[in-house]
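Student: Which chain is which? The protein sequence lines are A and B, in order.
FYI, UniProt numbering numbers position 47 of the first sequence as 47, with every residue one higher than the one before it.
FYI, UniProt numbering numbers position 272 of the second sequence as 272, with every residue one higher than the one before it.
Fair warning: there could be bad hints in the mix.
Given that identical chains are not distinguished, each listed pair holds provided it fits within a single copy or across any two copies.
[Stated by the list, open to error] Computed cross-link-like contacts, SDA-like style, restricted to lysine to any residue with a CA-CA straight-line distance of at most 20 Å:
#1 Lys-431 x Ser-502
#2 Lys-453 x Val-534
#3 Lys-492 x Ile-245
#4 Lys-295 x Asn-519
#5 Lys-453 x Met-539
#6 Lys-244 x Ser-550
#7 Lys-295 x Thr-520
#8 Lys-453 x Ser-502
#9 Lys-388 x Asp-544
#10 Lys-453 x Phe-384
#11 Lys-549 x His-392
#12 Lys-388 x Ile-406
#13 Lys-295 x Gln-485
#14 Lys-528 x Gln-545
#15 Lys-453 x Asp-540
#16 Lys-431 x Phe-129
#17 Lys-453 x Gly-536
#18 Lys-295 x Ala-489
#19 Lys-295 x Asp-482
#20 Lys-431 x Pro-537
#21 Lys-295 x Ile-9
#22 Lys-431 x Pro-301
#23 Lys-388 x Glu-516
Hints are computed from structural coordinates only; laboratory data are not their basis.
Protein chains: 2
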Amino acid sequence: MPIARFLPILTWGKTYTRATLANDLIAAVIVTIMLIPQSLAYALLAGLPPEAGLYASIAPIMLYAVFGTSRMLAVGPVAVVSLMTAAALSNIVEQGTMGYAVAALSLAALSGAMLLAMGIFRMGFIANFLSHPVISGFITASGIIIAASQIKHILGIDAHGHNLLDLGLSLFEHLPETNGTTALIGITATAFLFWVRKGLRPALQKLGLGAGLTGIAVKTGPVVVVIATTVAVWLFGLDARGVKIVGDVPQSLPPLTMPSFSPTLLGQLLLPAFLISIIGFVESISVAQTLAAKKRQRIDPDQELIGLGAANIGAAFTGGFPVTGGFSRSVVNFDAGAETPAAGAFTAIGLAIAALALTPLIFFLPKATLAATIIVAVLSLVDFSILKRAWHYSFADFAAVLATIILTLGLGVEIGVSAGVGLSILLHLYKSSRPHIAEVGLIAGTQHFRNIKRHQVQTDPRVVTLRVDESLYFANARFLEDCVQNRVASDKALRHVILQCSAVNDIDFSALESLETINTRLDEMGVKLHLSEVKGPVMDRLRDQHFLKSLTGNIYLSQFDALNCIK
Amino acid sequence: MPIARFLPILTWGKTYTRATLANDLIAAVIVTIMLIPQSLAYALLAGLPPEAGLYASIAPIMLYAVFGTSRMLAVGPVAVVSLMTAAALSNIVEQGTMGYAVAALSLAALSGAMLLAMGIFRMGFIANFLSHPVISGFITASGIIIAASQIKHILGIDAHGHNLLDLGLSLFEHLPETNGTTALIGITATAFLFWVRKGLRPALQKLGLGAGLTGIAVKTGPVVVVIATTVAVWLFGLDARGVKIVGDVPQSLPPLTMPSFSPTLLGQLLLPAFLISIIGFVESISVAQTLAAKKRQRIDPDQELIGLGAANIGAAFTGGFPVTGGFSRSVVNFDAGAETPAAGAFTAIGLAIAALALTPLIFFLPKATLAATIIVAVLSLVDFSILKRAWHYSFADFAAVLATIILTLGLGVEIGVSAGVGLSILLHLYKSSRPHIAEVGLIAGTQHFRNIKRHQVQTDPRVVTLRVDESLYFANARFLEDCVQNRVASDKALRHVILQCSAVNDIDFSALESLETINTRLDEMGVKLHLSEVKGPVMDRLRDQHFLKSLTGNIYLSQFDALNCIK
Chain A
1 MPIARFLPIL
11 TWGKTYTRAT
21 LANDLIAAVI
31 VTIMLIPQSL
41 AYALLAGLPP
51 EAGLYASIAP
61 IMLYAVFGTS
71 RMLAVGPVAV
81 VSLMTAAALS
91 NIVEQGTMGY
101 AVAALSLAAL
111 SGAMLLAMGI
121 FRMGFIANFL
131 SHPVISGFIT
141 ASGIIIAASQ
151 IKHILGIDAH
161 GHNLLDLGLS
171 LFEHLPETNG
181 TTALIGITAT
191 AFLFWVRKGL
201 RPALQKLGLG
211 AGLTGIAVKT
221 GPVVVVIATT
231 VAVWLFGLDA
241 RGVKIVGDVP
251 QSLPPLTMPS
261 FSPTLLGQLL
271 LPAFLISIIG
281 FVESISVAQT
291 LAAKKRQRID
301 PDQELIGLGA
311 ANIGAAFTGG
321 FPVTGGFSRS
331 VVNFDAGAET
341 PAAGAFTAIG
351 LAIAALALTP
361 LIFFLPKATL
371 AATIIVAVLS
381 LVDFSILKRA
391 WHYSFADFAA
401 VLATIILTLG
411 LGVEIGVSAG
421 VGLSILLHLY
431 KSSRPHIAEV
441 GLIAGTQHFR
451 NIKRHQVQTD
461 PRVVTLRVDE
471 SLYFANARFL
481 EDCVQNRVAS
491 DKALRHVILQ
501 CSAVNDIDFS
511 ALESLETINT
521 RLDEMGVKLH
531 LSEVKGPVMD
541 RLRDQHFLKS
551 LTGNIYLSQF
561 DALNCIK
Chain B
1 MPIARFLPIL
11 TWGKTYTRAT
21 LANDLIAAVI
31 VTIMLIPQSL
41 AYALLAGLPP
51 EAGLYASIAP
61 IMLYAVFGTS
71 RMLAVGPVAV
81 VSLMTAAALS
91 NIVEQGTMGY
101 AVAALSLAAL
111 SGAMLLAMGI
121 FRMGFIANFL
131 SHPVISGFIT
141 ASGIIIAASQ
151 IKHILGIDAH
161 GHNLLDLGLS
171 LFEHLPETNG
181 TTALIGITAT
191 AFLFWVRKGL
201 RPALQKLGLG
211 AGLTGIAVKT
221 GPVVVVIATT
231 VAVWLFGLDA
241 RGVKIVGDVP
251 QSLPPLTMPS
261 FSPTLLGQLL
271 LPAFLISIIG
281 FVESISVAQT
291 LAAKKRQRID
301 PDQELIGLGA
311 ANIGAAFTGG
321 FPVTGGFSRS
331 VVNFDAGAET
341 PAAGAFTAIG
351 LAIAALALTP
361 LIFFLPKATL
371 AATIIVAVLS
381 LVDFSILKRA
391 WHYSFADFAA
401 VLATIILTLG
411 LGVEIGVSAG
421 VGLSILLHLY
431 KSSRPHIAEV
441 GLIAGTQHFR
451 NIKRHQVQTD
461 PRVVTLRVDE
471 SLYFANARFL
481 EDCVQNRVAS
491 DKALRHVILQ
501 CSAVNDIDFS
511 ALESLETINT
521 RLDEMGVKLH
531 LSEVKGPVMD
541 RLRDQHFLKS
551 LTGNIYLSQF
561 DALNCIK
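Same shape as in the complex, but just chain A (with noise of 0.2 Å):
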């Protein structure tokens, strides 16, 4: 099926019923008006005006149902890649300006492109380079910064900065401008939506309200804060006191828009592009896969990726910005009861009349609302525990995790990712580059063998096995002959040294010369080598080589097989 792999939508069309089509249009209008406000939060987080928010979400929802594999994933702005966006950004050109928005269109399509070379050419491989722990401390991270980037808003002051320490002095430098009346409306929803969040699904649950109910119920509670604030600015002419709205949002349908591709600034995008590309792809096939998982489904990764290209290109065309699946649009979706992804298609319809009919009625809706929605949403995203479960598993894993939020949070989110990432890297081959060597023995009246350090084994005097506990490759080759060299130059009675590959995947061309090297150098003080236990594809590789030709010892099929011919 060559183009039924590219357009799952094949596969899930020819099965649609008028059931599924009821379910689908119910999960639809109870998403859409979920997805209002936080569209338009996600737009402020980016820095761009509140429309580009739902523009974002129409076109790249139509395009992922067309293209993507998960059923239940919803597409659209999430909060750290608005927060990459809004960071990639202000780094290039002013904040408010036409450039401004014209570079996210740009970034958008970059990162599309991008997404949709990986899932053509199937290298979303590249996306595991990302470790557990480095996205678990990212993501803490980023949500620290976001929740901290939103303060001014609640309380009404001007303050820049993308990290943590230029943020927090920001902060500190404009806080007696603060506006009482905007500190009070943002810190009352936000303790409201906290009390939502915290307090009110105790108690549905205790009503006896099922899970999914519950979710949704405690879902709502964004768009009542947008429509009690809404209501109270209009009522009590708030704004005329200093508090800051939306203001005049254009009515109209995503409008067709032309992303630039100056040289120049693409160079400038490239890198932002890429970490926004593998930071969204693995946030939404995280999610894709969590919620596949409870119903049995596959998802595709390569697919994916193409989905993703697919929704990205549509956001650059039709006045959005980097889009992404989002964890808590998706799971509502779900919850909502959604059962393929014309729930998603539907869902742009719905948001499409909300941008052509609805945005006069959000005029006076207050920033600070909307900012008291991202700090709720993100600080459920903050979760220190990963530090101390990898302390307790590995000093390797602890130090990248600790790197990346450190990092993150003092320098921004491209160096803490880029950071997170180049450490796990460097700390994987360091451990490899010196692995462990074990001395091995037999276990009496069986065929196996172990250290001799933590069994009771027997070995021979004449005979020295060692099990090389990795693949051998440049950076352990000279490890390797250091090792056996040590182990012969002390012991005058060796005359075999079997080694035993049993853990040894890989021997690279540098490894080879080393064994060589081993070879010549063993022969030279009467010692013999000897392999045993080589995997196929290894021995396959071997084969033809000079090394097999010069060993002064054999190969064995068992390490068993080895002692007993050698005795």
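Take the given structure of chain A and dock chain B to it, following the hints.
Tutor: Here is chain B on its own, set in the frame of chain A:
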């Protein structure tokens, strides 16, 4: 022996006899004569006045004799490091200025400090990330660039560039300005030196000379050419016909000099100094280990770093430039019968006498002659057979060496070697991100399990055993999830999955979370997950984790036990 660890001189100094002294003195005389033209030539290559080459051979040799562990290594200017020095400095200051010589001192000081620090903190393993094929490719490409850079001296023209492309274009542009007399001297000298290498050696060996003596005779070639061409220029006044000569060289012991420690300069030199340190260390340690193996002596890599660090710092304060242990000079030392580092100290005294008394003799030495000695020396480094051998072994190794050669030739030494290292690491990570996972079965009548695709084995339809041939870490954790999911989803009869972990040398935090995910998903499908042959260190790590408590199956010491218990 805490002091003897840092001062190997205390070890060999204790057993120094009169016979050893005689051998060392003879070796020193021979090496001194060889080193004079070589030192002058490499100073020229580095873009420095000729005396810098002599100075760079005196203090460094002495300091290495005190701190180094190799008994035969000769430290001083070498071709590749001199090329890297010229490439690094030309980007920063203009060649021929006072600032250039001072920057060379700073480069040596910085590189020395880095080597010392790596030695003290036992970080020599960093050099292991330079794989054999990358080094071979880099040395080959550097040899070609060096040879090309000397053509201008052979022809008596001007040309610039630090990669093959720039050099070639520049040479072509200036070709019409060729000085006939210079070209005659240069080409004759080159041809003679090639004949000495290719023609004289077999002739002498046919006459029954030993390999050592032949080697020494061949290496006097440059001395002969230097004397002959100097006399020719002096006799016939060829300098008046445009032959460029060495000219006035101060008669002096190495001067005390002070490197610049300007932060801007040091910042610019940071990366080049690091690359020079690593390349110099790798070159030096392989020479040292090759020679030590011939006499069953041990080399301590960390102490070698300290020895080379001290040598470079010595060069920085005595008018030199970056140095390392050279292959050709060390082999001369070895062939001439040097027994201890004292031979090196005596060579240093010989060179000091030369710097003090003999420099007027080289006034008429043509630069074309020095260029000829460089060309012939470095072309022996060029060896494209590495490409063929790597191709024959594995595509990844071939790709790394090809990229290193092409990028070094096309973009220069710094980019070339960095790209080679980066690419080897990426290819290694890519390979380990898609590990070999074999489904295994029991070989009848044994306790051995082998790949069902390669061997005739017994299997049970209710049980599948997957042997994972790689450590589990972030880059392949998700791959394992997909693999297990795909195998189980298509086989309704399955009740047990056993992961045979005999080749799993490490499980990091990301992989632990993936194992938990696999366990949960299998549980939902009514399939139990078991582990077998988990290694000691891995088991230690898992012991206290939540994963073991939630595991639906068991952990077995051997795969054979696992199958018996499950049946």
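Student: Determine for every hint whether it applies to the structure shown.
Tutor: For each hint, the structure was consulted:
In this assembly of identical chains, Lys-431 and Ser-502 lie within 20 Å of each other by CA distance both inside one copy and across copies; the values are 19 Å within and 18 Å between. Taking the shortest Cα distances, Lys-453 and Val-534 sit within 20 Å of each other only across copies (16 Å), while inside one copy they are farther apart (23 Å). Taking the closest pair of Cα atoms, Lys-492 and Ile-245 never come within 20 Å of each other, the shortest separation being 86 Å inside a single copy and 59 Å across copies. In this assembly of identical chains, the alpha carbons of Lys-295 and Asn-519 lie at most 20 Å apart only when taken from different copies (16 Å versus 56 Å within one copy).
Proximity of Lys-453 to Met-539 under the C-alpha cut-off of 20 Å is restricted to the inter-copy arrangement: shortest distance 15 Å between copies versus 29 Å within a copy. With identical chains, the CA atoms of Lys-244 and Ser-550 are never at most 20 Å apart, being 81 Å at best within one copy and 52 Å at best between copies. Within a single copy, Lys-295 and Thr-520 get their C-alpha atoms only as close as 59 Å, which misses the 20 Å cut-off; across copies the closest is 14 Å, which meets it. When the C-alpha separation of Lys-453 and Ser-502 is checked against a cutoff of 20 Å, the pair qualifies both within a copy, at 19 Å, and between copies, at 18 Å.
For the identical chains of this complex, Lys-388 and Asp-544 are inter-copy neighbours only, at 14 Å across copies versus 50 Å inside a copy, given an alpha-carbon limit of 20 Å. Taking the closest pair of Cα atoms, Lys-453 and Phe-384 never come within 20 Å of each other, the shortest separation being 38 Å inside a single copy and 46 Å across copies. Taking CA atoms no more than 20 Å apart as the test, Lys-549 paired with His-392 passes between copies only; the shortest distance there is 16 Å, against 48 Å inside one copy. For a Cα distance limit of 20 Å, the shortest separation of Lys-388 from Ile-406 inside one copy, 15 Å, qualifies, whereas the shortest one across copies, 47 Å, does not.
In this homomeric assembly, Lys-295 and Gln-485 come within 20 Å of each other (Cα to Cα) only across copies, at 14 Å, whereas the closest approach inside a single copy is 57 Å. Taking CA atoms no more than 20 Å apart as the test, Lys-528 paired with Gln-545 passes inside one copy only; the shortest distance there is 19 Å, against 43 Å between copies. Only between protomers do Lys-453 and Asp-540 lie at most 20 Å apart by alpha-carbon distance; the minimum there is 14 Å, versus 33 Å within a single protomer. In the homo-oligomer, the alpha carbons of Lys-431 and Phe-129 lie at most 20 Å apart both inside one protomer (16 Å) and across protomers (13 Å), since each shortest distance falls under that limit.
Taking identical chains as interchangeable, the C-alpha atoms of Lys-453 and Gly-536 lie at most 20 Å apart only when they sit on different chains, with a minimum of 11 Å there against 29 Å within one chain. Taking identical chains as interchangeable, the C-alpha atoms of Lys-295 and Ala-489 lie at most 20 Å apart only when they sit on different chains, with a minimum of 13 Å there against 61 Å within one chain. In this homomeric assembly, Lys-295 and Asp-482 come within 20 Å of each other (Cα to Cα) only across copies, at 16 Å, whereas the closest approach inside a single copy is 53 Å. In this homomeric assembly, Lys-431 and Pro-537 come within 20 Å of each other (Cα to Cα) only across copies, at 13 Å, whereas the closest approach inside a single copy is 24 Å.
When the C-alpha separation of Lys-295 and Ile-9 is checked against a cutoff of 20 Å, the pair qualifies only within one copy, where the shortest distance is 18 Å, while the shortest distance between copies is 72 Å. Taking the shortest Cα distances, Lys-431 and Pro-301 sit within 20 Å of each other only across copies (19 Å), while inside one copy they are farther apart (29 Å). Within a single copy, Lys-388 and Glu-516 get their C-alpha atoms only as close as 45 Å, which misses the 20 Å cut-off; across copies the closest is 18 Å, which meets it.
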